[in-house]
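Enquirer: Going down the list, the protein sequences come from chains G and B.
If you read the first sequence in my numbering, its first letter stands for residue 1, the second for the next number, and so on.
If you read the second sequence in my numbering, its first letter stands for residue 1, the second for the next number, and so on.
If you're looking for bench data, these hints aren't it; they were derived computationally from the structure.
Honestly, I wouldn't trust all of these hints.
[Said to hold, decoys possible] Here are the in silico distance ranges between beta carbons for each label pair:
# : chain 1 : residue 1 : chain 2 : residue 2 : range
1 : G       : 39        : B       : 1         : 38 to 44 Å
2 : B       : 220       : G       : 126       : 55 to 61 Å
3 : B       : 77        : G       : 117       : 27 to 33 Å
4 : B       : 91        : G       : 181       : 56 to 62 Å
5 : B       : 77        : G       : 8         : 34 to 40 Å
6 : G       : 75        : B       : 148       : 29 to 35 Å
Where a beta carbon is used, it is the ideal one built from N, C-alpha and C, also for glycine.
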Amino acid sequence: MTRQSPFSVRGRRALMVMRDERDIAIVRRQLGRLGITICEHDPAEAPPPSESADVVVLDADAIPIKSDLTGMWKAGAPIIALIGTETPSRLKWLLELQPASFLVKPLRSAGLYTALVVAFDSVQRRTEEANYLDRLEVRVRSRRLVFAAVLQIMQSHNLSEPDAFTLIRQTAMRHRTTIEQLSADIIALGGMPNRTTRSA
Amino acid sequence: MMSGEMRKSALMAVDEINLSAEFDFVFEPHLRDPGGVVAAYHTACADLIREEQVDHIVGCYTSASRKQVIPIVERTERLLWHPARYEGFESSDNVIYVGAAPNQHVVPLVRHMLDHISHDVFCVGSNYVWTWETNRVIREIVTSAGGRILAERLLELGEPSVDHIVKEVIERKPPVVINTLVGESSYAFMRALHEATSRAGLTIPMLSCSLCEPELKLIGSAASVGCVTSSAYFESIDRPENLGFVARWKARHGTDKHVSVDGLSTYVCVMLLARAIRRAGSADVAAVRRAAANHRYESPQGPVWVDPENNHCFLTPRLARSVHGCQFKIFWEADAPERPDPYLSNLDLSTIGRRRETSNDETTLRSNHLRVVK
Chain G
1 MTRQSPFSVR
11 GRRALMVMRD
21 ERDIAIVRRQ
31 LGRLGITICE
41 HDPAEAPPPS
51 ESADVVVLDA
61 DAIPIKSDLT
71 GMWKAGAPII
81 ALIGTETPSR
91 LKWLLELQPA
101 SFLVKPLRSA
111 GLYTALVVAF
121 DSVQRRTEEA
131 NYLDRLEVRV
141 RSRRLVFAAV
151 LQIMQSHNLS
161 EPDAFTLIRQ
171 TAMRHRTTIE
181 QLSADIIALG
191 GMPNRTTRSA
Chain B
1 MMSGEMRKSA
11 LMAVDEINLS
21 AEFDFVFEPH
31 LRDPGGVVAA
41 YHTACADLIR
51 EEQVDHIVGC
61 YTSASRKQVI
71 PIVERTERLL
81 WHPARYEGFE
91 SSDNVIYVGA
101 APNQHVVPLV
111 RHMLDHISHD
121 VFCVGSNYVW
131 TWETNRVIRE
141 IVTSAGGRIL
151 AERLLELGEP
161 SVDHIVKEVI
171 ERKPPVVINT
181 LVGESSYAFM
191 RALHEATSRA
201 GLTIPMLSCS
211 LCEPELKLIG
221 SAASVGCVTS
231 SAYFESIDRP
241 ENLGFVARWK
251 ARHGTDKHVS
261 VDGLSTYVCV
271 MLLARAIRRA
281 GSADVAAVRR
291 AAANHRYESP
301 QGPVWVDPEN
311 NHCFLTPRLA
321 RSVHGCQFKI
331 FWEADAPERP
341 DPYLSNLDLS
351 TIGRRRETSN
361 DETTLRSNHL
371 RVVK
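With the hints as constraints, model all of the structure from the sequences given.
Expert: If you want it as structure tokens, here you go:
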């Protein structure tokens, strides 16, 4: 998958969830200059499907703190929050929303591009980190499996623990599989799979 | 109602300055009434600045309206003199905040509740920023002191249907209710709760940090009595500056009418402005801002001055109980004007309202700066 640069914003789709006409005019004009496709959405309505936008520009003051809508926005596209009130009660609400970026009102033409770049970049990083964490979790879950396989190989090949692990790692590499997968095979077969005995 | 109260007192201050030999200039007021329509505040201020060339604007009651005005006063380097108490967490160089910051009205009320009423509280408020933030501060102080928020019920602004909340209060019999409702919702709630508690033979204390004298009249004498209220001003303050002020105000507006904290605060805004202009020798915004800093004014509510650290005012917090005759009986006031702390960054939760068994040290500590007023 090619990684889209966070600096290239042209052609992306923004959803504006705002109420104040002056703010809307500023954001609409600036998004237009950047070549972003704009949709507007009534803050009182439930969010549209998350695939319909690449970024959401959401005015924090347009949604009451106790609103049921808050959680629904969280699940969707990255959010640039527009902040008018810096009270902790509002900021706590904002943290729940996990915005990818923010702008403090009053809005100016400057700042929106930075907010977009930071939003796109942080979403990219978040996705990469989430994937990395997924991989780590799989490995952590397989630790017992790998340990059992190492024990098996130590006994069957009469090897020390580091040597048994090295053998498993090298075999996995030769066969372009993971240590975890090979360990599962070793446990299932009660020994090193046949083909692994063939030299590469 | 509030805008009318504020305008009346602002114009009274203008007339007093214009007639006074102490000031060698006169104010020419230009009035605009955006009528509570949030978007109209920006337009009204733009008009005042561009068409009337005003340097100083006095007004705005709600935070929503103030936030509309701030961009334009910042861009054009004007000063907004803001009379209303508010939830804090703001500090613009182009606003002088003359109303109470949260440490000057919310904190003393919660402290009193914890020390003298209960650690468990039922909160009722209007669904907007002031209640949200006030409730957050209450929750933080109460839970840190080992108490509980029994409920937090919100009503939309202006909503007069309060029966479901009154019913819940009667059923659960909380030891105390904090009311941060505003306007008609608050009046309706106080009337309905009074009726319901009387019928059920219950006494449930109510606390407020916004109730004022003209509202007591609107609520009606029976239901409005007994509410413990926190404010930097009550009409009943017994000091010469206030007695004179109230007499002049009543001579002008009628003896059956009552001054409110927001009206008085608007009067103080105009007075602080006039005194700063006199001290600066000019109405220039930068010069006035400098001159206003630390320039002490013996106002009807006690000494008031602007803290240049954050453009909010030193004010004297007070607690009172509403009584018959649309008045408040003051039972506590701070020893000295309290430094404004709009970000509550000096709030030390460990010194407030710990439950009895752990509070002996703190009680001694507190008595150094709290004083009971008979």
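Enquirer: Confirm or reject each hint.
Expert: Going down the list of hints, with the structure as the test:
no., hint, verdict
1, G:39 / B:1: 38 to 44 Å, "holds (41 Å)"
2, B:220 / G:126: 55 to 61 Å, "holds (57 Å)"
3, B:77 / G:117: 27 to 33 Å, "holds (32 Å)"
4, B:91 / G:181: 56 to 62 Å, "holds (59 Å)"
5, B:77 / G:8: 34 to 40 Å, "holds (39 Å)"
6, G:75 / B:148: 29 to 35 Å, "holds (32 Å)"
When the structure is compared with the earlier hints, no violation turns up for any of them.
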